[in-house]
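Visitor: Build the full structure now, drawing on both the sequences and the hints.
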Amino acid sequence: MHFFQSCPICGRSLRIRVTLLGKKVFCRHCGGGFPARHGAAGVGATSHGASRSKPAAEPSLEERVDLLLARASLVLARSGVEGTAGCDGAFGSD
269 MHFFQSCPIC GRSLRIRVTL LGKKVFCRHC GGGFPARHGA AGVGATSHGA
319 SRSKPAAEPS LEERVDLLLA RASLVLARSG VEGTAGCDGA FGSD
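269 is the number of the first residue of the sequence shown in our numbering; add one for each residue after it.
Be aware that a few hints might be false.
[As the list claims (entries may be wrong)] What follows is a set of in silico ranges between Cβ atoms, one per label pair, in the way DEER data are often shown:
1. V286 - L344: 28 to 36 Å
2. S328 - R283: 22 to 30 Å
3. L288 - G348: 15 to 23 Å
4. R346 - T287: 26 to 34 Å
In case anyone wonders, no lab produced these hints; they're calculated from the structure. In this text, a Cβ means the ideal position worked out from N, Cα and C, and glycines have one as well.
Guide: Structure (structure tokens):
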């Protein structure tokens, strides 16, 4: 089974396996990493028998910081800015 979730970095709709719920996933389009959440706005299950889950809680401060850093890295990579100390553009998995 799959569900759809928008990438918080680039906004594209992604089809994600339910086995990845709660885990960090990466967008194939922009490379941004974020937690897979079925209860997020704009998300719907592809199966007809799926039960509705509770709305997702607000992301933690750490998750918000990770998303903002990923977005900043993407913007820097697209702009061609070089020599940014401590910003190698790599995304780690927790």
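Visitor: Decide, hint by hint, whether the structure agrees.
Guide: Hint-by-hint comparison with the structure:
no.: 1; hint: V286 - L344: 28 to 36 Å; result: holds, 34 Å
no.: 2; hint: S328 - R283: 22 to 30 Å; result: holds, 25 Å
no.: 3; hint: L288 - G348: 15 to 23 Å; result: violated, 33 Å
no.: 4; hint: R346 - T287: 26 to 34 Å; result: holds, 32 Å
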